[in-house]
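Student: Protein chains in written order, with full-length UniProt numbering: chain W, 1 to 214; chain G, 1 to 214.
Treat the hints with caution; some may be incorrect.
[Claimed, not checked] To give an idea of the chain G side of the interface with chain W (calculated C-beta under 8 angstroms), a few residues:
1) PRO14
2) THR24
3) ALA33
4) VAL50
5) GLY73
6) VAL78
7) ARG103
8) GLY106
9) GLY108
10) PHE114
11) GLU121
12) SER145
13) GLY155
14) ALA179
[Claimed, not checked] In silico SDA-like cross-links for lysine to any residue, where the CA-CA straight-line distance does not exceed 20 angstroms:
15) G/LYS160 / W/VAL182
16) W/LYS183 / G/ARG163
17) G/LYS53 / W/GLU199
18) W/LYS183 / G/LEU162
19) G/LYS183 / W/GLY164
20) G/LYS160 / W/LEU64
21) W/LYS150 / W/PRO169
22) G/LYS160 / G/ASP173
23) W/LYS53 / G/ALA60
24) W/LYS53 / G/LYS160
25) G/LYS160 / W/GLU199
26) W/LYS150 / W/LEU64
27) G/LYS150 / G/ALA60
28) G/LYS53 / W/ALA28
29) W/LYS160 / G/ALA60
30) W/LYS183 / G/LYS160
31) W/LYS53 / G/ALA208
32) G/LYS160 / W/ARG103
33) W/LYS160 / G/GLN67
34) G/LYS53 / W/GLY56
35) W/LYS53 / G/GLN67
36) W/LYS183 / W/GLU212
37) W/LYS160 / W/SER111
38) G/LYS150 / W/GLY125
39) G/LYS53 / W/LEU64
40) W/LYS150 / W/GLU63
Worth flagging that the hints you see were computed from the coordinates, not collected in a lab. In this text the structure is predicted, and so the values were computed from the model without any measurement. Beta carbons: idealized from backbone N, C-alpha and C, even for Gly.
Number of protein chains: 2
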Amino acid sequence: MSQETGVYDAMFHPLSTAEADRVTALYAPLADAVRQLIDATIRTETDDDVVAKARGEIEAVTELLRQRIRPVGVSFRVEGRTLPLGNAVVGLCNPIAPPVVVRHDGDGRCSSEFVLGCAYEGPPGLVHGGVSALILDHLLGEAASDGLSKARYTGTISVKYLRGTPLGPLRCDAWIDRAEGVKVFARGTISDATGVTVEAEGVFIEPAWARELE
Amino acid sequence: MSQETGVYDAMFHPLSTAEADRVTALYAPLADAVRQLIDATIRTETDDDVVAKARGEIEAVTELLRQRIRPVGVSFRVEGRTLPLGNAVVGLCNPIAPPVVVRHDGDGRCSSEFVLGCAYEGPPGLVHGGVSALILDHLLGEAASDGLSKARYTGTISVKYLRGTPLGPLRCDAWIDRAEGVKVFARGTISDATGVTVEAEGVFIEPAWARELE
């Protein structure tokens, strides 16, 4: 974090494809283990002495991992594209990401199937409405930007809640609805086994610098 | 999880105020320790042997905490109100919640100051746009429902991105704009040190069963 501004500066650390594969294979299973720990932390009813022991061991592991660490704001790039290992929705190495694994089906359509456990809860037994917005925002952005390969800024996103979304297995679909000049309109849904629970529409804008590159 | 429907059923575990205080004091520091571990997990560059050791120890702690555990979908209630310890935005015992601590300023106004670290990243150095939507959805809901004390379902929420939101210290404000029959319109913003970065408007609806109770 910059001492002067209080904000994080973004820097890039380029990786070869082989290095990116090695980094992912090494750290993604660690993030998976932390996802299990998050679930256990929310649901545990163990006694004071067990909790104290667990806390001490978690702090020791944190110190271990901090022996060598990237500064905040440093991101990986592979062949000029961002490798979003730490992304809050799709980051394989970010324990708070479910993670959502996005499948691109061509023509700007994309989809994902995932399971949301109790870490994503809002009302009891239901997915937090904002978590649905978070995932839709990401998938609409992937659709509008051709898998994040084109520069597109989110202008606005509107999310309509049809009914509560239950925790458990879900899917998200997103597609390009239409383009008008520098604007791309994308739409998407979240569904459970019985149908759509949440709909979204977003407007994504191609920045002037990207238009000048074309 | 129900075997038949594949969805989690919600159940309530009533606590006295004293029990709620004890549970929060016991488990909130555990969640804090896991938040530090999440940050270290994303940023670590330690070698294979250290990662393998860390992973083994995390799995052992998870087993320890799972010795006694609540089923998924069981929520605490204190004096008839939900105690959202596991909530994805404000849950003190949920490691993926920043947590956002909401201050109610009267007249349906509420606000929060918080710090978002690299776990909430989208574009390099910036907060994921969907994370801004997640936090705004929560705070607008708090404003519209008088601190979640009244039943209000989110109908739609629209989020407008004015510029990128930097990781670091931020604030969120929300307030009731107007009420029309069963609909409450709430608005809100996320700001960094130099001003508003994201705006939102949401429509919240009082369900028929709540109107009949009044």
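Student: Take the hints in turn and mark each one as holding or not.
Tutor: Verification of the hints:
For G/PRO14, the shortest C-beta to C-beta distance to chain W is roughly 13 angstroms, which exceeds 8 angstroms, and the interface hint is violated. The restraint placing G/THR24 at the interface with chain W is violated, with a minimum CB-CB distance near 12 angstroms, outside the 8 angstroms limit. Taken as an interface hint, G/ALA33 checks out: its beta carbon lies about 4 angstroms from the nearest beta carbon of chain W, inside 8 angstroms. A least Cβ separation of about 6 angstroms between G/VAL50 and chain W falls short of the 8 angstroms threshold, and the interface hint therefore holds.
For the restraint placing G/GLY73 at the interface with chain W, the shortest Cβ-Cβ distance is roughly 5 angstroms, inside the 8 angstroms limit, so the hint holds. Look at G/VAL78: its Cβ only gets to about 13 angstroms from chain W, farther than 8 angstroms, so that hint breaks. For G/ARG103, the shortest C-beta to C-beta distance to chain W is roughly 19 angstroms, which exceeds 8 angstroms, and the interface hint is violated. Annotation: G/GLY106 was flagged as interfacial toward chain W, and the flag is violated, the nearest CB pair being 24 angstroms apart, outside 8 angstroms.
Taken as an interface hint, G/GLY108 does not check out: its beta carbon lies about 18 angstroms from the nearest beta carbon of chain W, beyond 8 angstroms. A least Cβ separation of about 13 angstroms between G/PHE114 and chain W goes past the 8 angstroms threshold, and the interface hint is therefore violated. Of the supplied interface hints, the one on G/GLU121 holds, with its beta-carbon coming within about 5 angstroms of a beta-carbon of chain W, less than 8 angstroms. Interface restraint check for G/SER145: the shortest CB-CB distance to chain W comes to about 11 angstroms, outside 8 angstroms, so the restraint is violated.
The interface hint given for G/GLY155 holds, since its Cβ lies 6 angstroms from the closest Cβ of chain W, which is under the 8 angstroms cut-off. This hint is violated: G/ALA179 has a C-beta 19 angstroms from the nearest C-beta of chain W, more than the 8 angstroms allowed. Taking the CA atoms of G/LYS160 and W/VAL182, the gap is near 17 angstroms; set against the 20 angstroms cutoff, the hint holds. A distance of roughly 16 angstroms separates the Cα atoms of W/LYS183 and G/ARG163; the hinted pair therefore holds under the 20 angstroms criterion.
A C-alpha spacing of about 43 angstroms is found between G/LYS53 and W/GLU199, which places the hinted pair above 20 angstroms, so the restraint is violated. For the suggested pair W/LYS183 and G/LEU162, the alpha carbons sit about 15 angstroms apart, so the restraint of at most 20 angstroms is met. This hinted pair checks out: G/LYS183 and W/GLY164 have alpha carbons roughly 18 angstroms apart, not beyond 20 angstroms. At most 20 angstroms may separate the alpha-carbon atoms for a hinted pair to count; G/LYS160 and W/LEU64 exceed this at roughly 41 angstroms.
Only pairs whose Cα atoms come within 20 angstroms are accepted, and W/LYS150 paired with W/PRO169 is rejected, the gap being roughly 30 angstroms. With a C-alpha separation of about 15 angstroms, the suggested pair G/LYS160 and G/ASP173 falls inside the 20 angstroms cut-off, and the hint holds. For the given pair, W/LYS53 sits about 11 angstroms from G/ALA60 by alpha-carbon distance, which is consistent with the 20 angstroms threshold. The hinted pair formed by W/LYS53 and G/LYS160 fails the criterion: a straight-line CA distance of about 45 angstroms is larger than 20 angstroms.
Our distance criterion of 20 angstroms between C-alpha atoms is met by G/LYS160 and W/GLU199, whose separation comes to about 17 angstroms. Only pairs whose Cα atoms come within 20 angstroms are accepted, and W/LYS150 paired with W/LEU64 is rejected, the gap being roughly 38 angstroms. With a CA separation close to 42 angstroms, the supplied pair G/LYS150 and G/ALA60 exceeds the 20 angstroms bound. A C-alpha spacing of about 15 angstroms is found between G/LYS53 and W/ALA28, which places the hinted pair at or below 20 angstroms, so the restraint holds.
For the proposed pair W/LYS160 and G/ALA60, the alpha carbon gap of about 42 angstroms is over 20 angstroms, so the pair is violated. Pair hint W/LYS183 plus G/LYS160 holds up; C-alpha atoms about 14 angstroms apart against a cutoff of 20 angstroms. Straight-line distance between C-alpha atoms of W/LYS53 and G/ALA208 comes to about 48 angstroms, which puts the hinted pair past the 20 angstroms bound. With a C-alpha separation of about 27 angstroms, the suggested pair G/LYS160 and W/ARG103 falls outside the 20 angstroms cut-off, and the hint is violated.
As the CA atoms of W/LYS160 and G/GLN67 are separated by approximately 40 angstroms, the hinted pair breaks the 20 angstroms bound. Between G/LYS53 and W/GLY56 the CA atoms are separated by roughly 16 angstroms; this keeps the pair inside 20 angstroms, and the hint holds. As the CA atoms of W/LYS53 and G/GLN67 are separated by approximately 13 angstroms, the hinted pair is consistent with the 20 angstroms bound. Pair hint W/LYS183 plus W/GLU212 holds up; C-alpha atoms about 15 angstroms apart against a cutoff of 20 angstroms.
This hinted pair checks out: W/LYS160 and W/SER111 have alpha carbons roughly 19 angstroms apart, not beyond 20 angstroms. Taking the CA atoms of G/LYS150 and W/GLY125, the gap is near 18 angstroms; set against the 20 angstroms cutoff, the hint holds. About 9 angstroms separates the Cα atoms of G/LYS53 and W/LEU64, which keeps this hinted pair within 20 angstroms; it holds. Only pairs whose Cα atoms come within 20 angstroms are accepted, and W/LYS150 paired with W/GLU63 is rejected, the gap being roughly 38 angstroms.
In summary, the numbered hints that this structure violates are 1, 2, 6, 7, 8, 9, 10, 12, 14, 17, 20, 21, 24, 26, 27, 29, 31, 32, 33, 40.
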